[in-house]
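Asker: Spelled out, the chains give:
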Amino acid sequence: MSRFRTYHEHDDSPAPMVDGGMRGVNMRVAPELLPEQFAAEAVNMRFRFGVPETRLGHMVLPWNNKISSGNINAWSSVRGVGVFDDPRTGQQFVLIAANDTVFYTVEQNTPVEMNLPDQAVIDTDVWFTQAFDRVVMHRGANRETLVMNQLGTGWEYISQSGDDDESDGTIPIPNASRSVFFQNRLWIPNDQDDVAFSDIGDYTRYTILQEFRVNRGSSDRLLAIVPFNETTLIAFKEQSVWALTNIYGDLSAAQLTLLTGQFGCVAPNSIAQVGRDLWFLSQLGVMSIRQTEENRLQSVVRPVSEAIDPLIKRINWRHVANASAAYWDSRYYLAVPLDDAEVQGPELAQGAIYDLDETYTVQGLTAGATYFVELGASEASMDNGAQNLTNSGYFTAQGTTVTLHHTVGLVVTASLRRVTRGVNNAVLVFDFLNNAWAGHDETPGRDFARLFIARHQAVRRMFSYGSDGWVVLLEEDYEDADPFPQADLEVTAIPEDGDTLQVNGGTLITADSGLGNNTPTLWAVSESIDFCRTTLYGGNTNLSGYDTNLPFPWSAPNTQVVKLSTGVRFLSTNGVLPAIATTGSWATITERITLPIAAILVTRAYQSPGRMMAKWGHVWIDVQTWLPSLTITAVKPGVGESTTLVEAETRDRTKFDRPHHRADHDLTNVNDDFEDPFRQDYSVTLDGVGGSDGLILQDGVTLSHHQERRLAFKLNERERMVQLRIENSTGRVRVMGINIEGAPQPENERSHV
Amino acid sequence: MAVSVTVTPGKQFATDEPVTYAKLNLLGQPTFSLAGTIETADLADGAVTAVKAVAGPFWYATGVGDTGVYDINLVNAPAAYAEGMLVRFRADSDNAGATDININGLGDKNLYREQSKELRPGDIRSGMIVEAIYDATGAFQVLSPLADYAAWHSTSVTGTDTIAVTMSPTLKSYYEGLVISFEAAGDNPGACTVNVDGLGAKAIYKNLDVVLGAGDIREGQVVRAIFSVDQDAFQMTSQLGNPRPELAAIVGSSRGLVVRSSSTFPGTHIDVFAFSGQVILQELGGTSIIGVAGFSFTVNVTTNGVNGLEGVDSLLDNTWYYLWVIYNGTTVAGLLSASASSPVLPAGYRYAAMISPIRSTTGGNTYQFYQVERKVWLPNNAILFDRAGSVSWVAISANSAEHDLLKAAVPPIAKTCFGHCGSSVSAARNFAIAGQVTGGLYGFTINVQAPGTSTSSLFTAGLFDVPLITAQDFYYSTTDTAATYRLYVTGYTF
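Protein sequences appear in the order of chains A and B. Under this note's numbering, think of the first position of the first sequence as 1, with each following residue one higher. Under this note's numbering, think of the first position of the second sequence as 1, with each following residue one higher.
Don't read these hints as lab results, they were simulated from the structure. The beta-carbon is built from N, C-alpha and C at its ideal position, and this holds for glycine as well. Where hints are given, some of them may not hold.
[Unchecked claim] If you want the footprint, here are the derived chain B segments under chain A, 3+ residues with CB under 8 Å:
| no. | segment |
| --- | --- |
| 1 | 9–22 |
| 2 | 26–34 |
[What the hints assert, rightly or not] Straight line, CA to CA, 25 Å or less: simulated SDA-like cross-link-like pairs of lysine to any residue:
| no. | chain 1 | residue 1 | chain 2 | residue 2 |
| --- | --- | --- | --- | --- |
| 3 | B | Lys52 | A | Ala307 |
| 4 | B | Lys52 | A | Gly90 |
| 5 | A | Lys615 | A | Arg720 |
| 6 | B | Lys415 | B | Gly252 |
| 7 | A | Lys636 | A | Ala307 |
| 8 | B | Lys415 | B | Gly462 |
| 9 | B | Lys202 | B | Gly177 |
| 10 | B | Lys202 | B | Thr166 |
| 11 | A | Lys615 | A | Thr582 |
| 12 | B | Lys415 | B | Asn304 |
| 13 | B | Lys375 | B | Lys206 |
| 14 | B | Lys52 | A | Gln91 |
| 15 | B | Lys52 | A | Arg720 |
| 16 | B | Lys206 | B | Arg224 |
| 17 | B | Lys117 | B | Asp94 |
| 18 | B | Lys52 | A | Lys636 |
| 19 | B | Lys52 | A | Gln108 |
| 20 | A | Lys655 | B | Val19 |
| 21 | B | Lys375 | B | Ala203 |
| 22 | B | Lys172 | B | Glu118 |
| 23 | B | Lys415 | B | Leu284 |
Produce the entire structure from the sequences given, and follow the hints as far as they go.
Answerer: Set out below in structure tokens:
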């Protein structure tokens with residue numbers, strides 16, 4: 001039955017516009033010109049099977065990281081990662097060049113440090129290439145290449161097999177930054193233009209004549225060579241791309257052909273084999289070798305990234321050389337530096353309270369590291385060693401502390417975060433199943449120095465490591481692993497005498513209301529709750545507290561302590577969530593070990609037929625959610641014009657929508673009704689309700705239920721077109737369909753905005 | 001310290017953290033790290049079994065030779081030497097003599113062979129795996145075979161009198177009791193020496209200190225010898241190439257042998273046969289003997305070679321020759337040689353025995369004879385014919401003409417000769433014959449009685465058989481000096 005009983009003579013019936021499914025993103029075409037199935041923008045979204053949904057998150061697999069005394073730590077530095085498939089055992093090992101040496105690891109085993117030969121150091125980025133049953137490790141132009149014949153033996157310098165007398169025309173393996181194993185030869189780009197290749201079956205022997213020169217003499221530097229098919233290698237230079245064809249046998253039939261001189265490769269790690277094609281990042285965007293060949297015939301240059309050209313234009317080309325790509329699950333992932341090409345660490349200052357001497361000292365900085373301070377309304381300046389900053393900006397820490405200045409008792413409004421610059425802070429994603437881009441991914445605090453593929457649970461998976469030293473598994477969880485696990489300890493009541501506190505097995509502190517100042521083991525808790533909050537950190541009249549600058553600080557191992565207005569934040573420095581043990585009822589502890597994935601979908605612009613003004617009425621949005629915090633905004637074409645339809649709406653996992661009188665769900669599942677329908681949210685935590693811990697599985701608990709509902713809004717907007725911006729800041733959302741009604745309106749003759 | 005297992009949880013949940021399948025999956029994948037050492041006390045008795053062990057370099061390292069000491073650094077250094085401690089090492093060099101080992105710097109310890117004997121030079125060779133156990137005396141005893149074997153053997157041999165032997169591995173020194181064996185490259189011509197791996201030529205003796213005779217070592221023979229420091233020589237302990245002569249086997253002895261002038265060509269052919277008989281031969285220049293039986297052949301004195309003359313095809317006049325039975329392993333034949341002891345045999349013939357003296361005539365023929373085994377019958381050979389008697393003993397050789405007749409009748413090797421003698425007158429006479437007249441009379445007196453019947457023109461006669469104590473000579477005396485005495489030689493033995 002129609003919702004409109006009658007139409008008047010001059011009424012147009014409302015025109016419903018529907019997006020029942022989406023393939024991907026097209027950012028280049030004006031939103032109102034986009035066809036159905038395309039969104040105007042997507043962040044942290046995937047479009048598999050026609051449904052836009054929050055991407056899966058990153059996860060830390062312990063064995064890919066530094067494990068020390070049972071704790072998982074990030075590597076201090078990662079110089080490269082490779083994969084070694086041992087043909088003798090069928091096992092796959094991940095080789096990690098980090099912490100100035102090389103480790104190998106396999107699932108559920110602690111990484112093992114490998115032997116390096118005398119004088120060998122790992123102080124540059126390295127590249128691993130497996131050749132037969134061994135792996136060579138290139139360490140750049142100034143370091144000898146090493147080889148690993150057996151994991152247990154470790155790495156060795158490479159001796160040329162047979163007669164190593166160079167007078168016979170053979171030379172040892174050249175120093176290089178990378179290589180490729182192709183047709184039983186090791187191919188090494190070893191100079192501005194040269195490609196050296198080994199004897200067949202012997203990676204140690206190279207003859208002086210065994211070199212191809214790719215456009216010799218130009219200033220066009222050779223970056224990489226990559227197999228294209230069984231007999232073709234592609235040579236990527238900075239300004240051109242060449243094909244080395246007919247590679248077989250003694251190579252006498254090999255030919256070098258220029259594919260294009262209009263662009264080259266800007267980042268050797270951006271090259272990825274995608275099916276029978278090679279994709280890579282050029283000055284013009286993401287290019288395809290096959291399309292490059294087709295374009296050559298058509299005399300046009302069309303990047304495959306044309307649909308996300310606005311994103312390509314945001315690439316920070318100064319830092320693009322380290323862009324990295326991988327092909328996994330029929331998707332091309334390209335990690336790039338967007339905008340300022342930086343990521344920021346956790347907040348170190350904001351929310352603290354100024355001490356009596358009108359200062360707040362931020363501790364735990366890394367001398368020599370870069371930080372960004374944004375002075376707020378409360379701050380006058382900041383001391384960084386001998387340097388006094390009076391304006392917001394980047395600075396290099398001169399020591400492990402900086403001191404903010406303002407007024408006693410005020411909350412610190414300055415923001416202070418560590419900054420890592422020149423890194424890949426976003427990942428562009430192309431979905432070959434949809435033949436469309438899926439937008440880009442962002443993760444607060446995490447960058448993606450290299451994407452790589454390795455085996456996990458018997459299947460190929462995509463991993464990444466970043467400047468923070470963490471190696472993470474991508475596309476796995478409903479949330480992202482937090483690079484900086486933290487636990488907030490808030491004082492919500494005055495502790496009673498004898499209540500205790502201990503963090504990570506550090507100092508056992510006992511509350512004592514009879515004290516005016518802390519001692520090395522006693523916490524002065526007299527007077528007021530604010531007093532307790534202050535003395536917990538220390539304050540300038542105390543000799544003890546969690547402020548490490550005090551003469552006798554309380555210890556909280558493996559943490560960096562940040563003062564909060566209501567307590568103290570313990571930031572993990574070893575990747576392990578700080579363990580806070582308390583007695584009494586004075587504390588509220590908030591732990592964070594994962595980060596929600598903030599997903600954004602901006603639809604195409606819905607426009608009435610004939611591009612007439614329309615009266616936009618009902619909007620129905622079908623979503624499936626899991627622990628959502630949903631904000632939906634109607635975006636109109638005018639500057640800054642938008643209408644928030646719903647903001648940060650969450651769903652209650654205890655509430656049933658139907659029947660309205662039904663009692664709440666007990667989160668312990670004691671009533672065995674977890675799977676009952678019509679509950680608002682089916683996400684699960686183990687903490688229950690009201691402090692009752694645990695979850696009783698009963699007849700089953702499905703952890704992945706996404707509850708579906710229809711969101712209905714009425715816009716009552718008169719606009720030429722309207723877009724919908726759907727943001728979900730926690731959990732997951734799937735946008736199943738959008739239906740929007742717009743009734744064309746008669747035009748008047750006046751111009752207006 | 002015992003083994004500690006560190007388990008790193010695959011996942012740690014924060015309060016209020018939502019649970020997902022991915023997190024639960026990771027929770028089920030803890031990471032394990034093993035550290036520490038399993039000590040003896042950590043293992044139950046019998047806990048370590050063969051089926052749980054995997055072959056590997058247990059207690060094994062490279063032995064780095066350093067002036068009489070092999071330094072061995074095991075991966076896990078023992079705290080101290082202990083009786084029963086087992087060590088294996090690969091020597092990086094040959095040992096030069098008495099040797100010690102030093103495990104992980106615990107100190108030099110003797111490395112003995114045969115419980116408590118110092119090693120000899122070369123007992124350990126570069127690359128050799130040595131296994132030893134520490135004993136109660138504070139030394140290591142070698143368990144593994146040493147390069148200085150109980151018996152060295154080589155087939156790399158050159159020379160027959162100066163025998164050079166190359167061993168693999170090379171022998172480092174001669175020592176008391178060193179046993180070597182080698183496969184001879186050829187027959188030794190007589191005394192010889194052995195030089196092993198250039199360590200110096202050493203004499204090789206048989207029967208304690210007897211120089212080897214020719215053929216004591218035969219080509220292809222495996223010779224075994226033991227070195228004596230006192231003698232500074234090897235004593236050969238293997239069988240000699242020349243078998244010991246059989247005691248009953250007298251070379252040239254025969255049974256049923258007949259040699260005679262051919263009835264068809266009596267002057268030029270000699271028939272030899274022993275159809276059911278046997279003759280003992282000896283390897284010429286050697287000591288091995290062999291018997292040949294059931295043979296016959298004819299020697300033609302006008303041909304050269306087998307069944308003929310040695311090196312010529314005609315006889316010298318009035319010369320003694322000697323007939324040899326020769327044998328090449330398949331064929332029994334004859335050879336007439338001028339030598340009674342050292343003929344030159346035709347090619348391929350190794351065994352020989354002289355069976356008959358043969359006298360040539362003027363004109364190159366042979367005198368007729370008939371011989372059975374070593375007795376020869378001749379036609380009458382008148383030595384004395386109406387010769388004046390002598391009442392005292394007189395030798396045939398006293399008269400050269402008569403002596404020449406005797407030397408033409410009996411060969412120099414004849415041991416006896418026989419015949420008959422008498423007088424041409426019919427009267428009683430005595431005719432005495434003796435082989436020797438001084439130092440003992442070996443002879444007899446024939447009493448010739450008269451009258452008698454004329455026999456061979458002798459009116460009185462008798463037979464004699466006299467030893468030829470002096471070759472081709474004997475004595476006689478008669479009753480008187482009348483010129484009537486006659487003496488005929490009709491045969492001899494040799």
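Asker: For each hint, tell me whether it holds in the structure or not.
Answerer: Here is what the structure says about each hint:
1. 9–22: Three-residue rule met by the segment 9–22 of chain B, so holds; n is 13.
2. 26–34: holds (count 6)
3. B:Lys52 with A:Ala307: 62 Å, violated
4. B:Lys52 with A:Gly90: With Cα atoms ~23 Å apart, B:Lys52 and A:Gly90 stay inside 25 Å; holds.
5. A:Lys615 with A:Arg720: 9 Å, holds
6. B:Lys415 with B:Gly252: With a Cα-Cα distance of about 15 Å, the restraint between B:Lys415 and B:Gly252 holds, given a limit of 25 Å.
7. A:Lys636 with A:Ala307: Measuring from Cα to Cα gives roughly 22 Å; hence the hint holds.
8. B:Lys415 with B:Gly462: 21 Å, holds
9. B:Lys202 with B:Gly177: Holds, at about 14 Å.
10. B:Lys202 with B:Thr166: Distance ~14 Å between B:Lys202 and B:Thr166 Cα, so the pair holds.
11. A:Lys615 with A:Thr582: Violated. A:Lys615 to A:Thr582 sits at ~59 Å, over the 25 Å cutoff.
12. B:Lys415 with B:Asn304: The given pair, whose Cα atoms are some 30 Å apart, is violated under the 25 Å limit.
13. B:Lys375 with B:Lys206: Violated. B:Lys375 to B:Lys206 sits at ~39 Å, over the 25 Å cutoff.
14. B:Lys52 with A:Gln91: Holds. B:Lys52 to A:Gln91 sits at ~22 Å (cutoff 25 Å).
15. B:Lys52 with A:Arg720: Violated: B:Lys52 and A:Arg720 sit about 80 Å apart, past 25 Å.
16. B:Lys206 with B:Arg224: 11 Å, holds
17. B:Lys117 with B:Asp94: Holds - the C-alpha atoms of B:Asp94 and B:Lys117 are around 18 Å apart, at most 25 Å.
18. B:Lys52 with A:Lys636: 75 Å, violated
19. B:Lys52 with A:Gln108: Holds, because 24 Å separates the two Cα atoms, which is no more than 25 Å.
20. A:Lys655 with B:Val19: Distance ~19 Å between A:Lys655 and B:Val19 Cα, so the pair holds.
21. B:Lys375 with B:Ala203: 46 Å, violated
22. B:Lys172 with B:Glu118: 15 Å, holds
23. B:Lys415 with B:Leu284: Holds, at roughly 23 Å.
In summary, the numbered hints that this structure violates are 3, 11, 12, 13, 15, 18 and 21.
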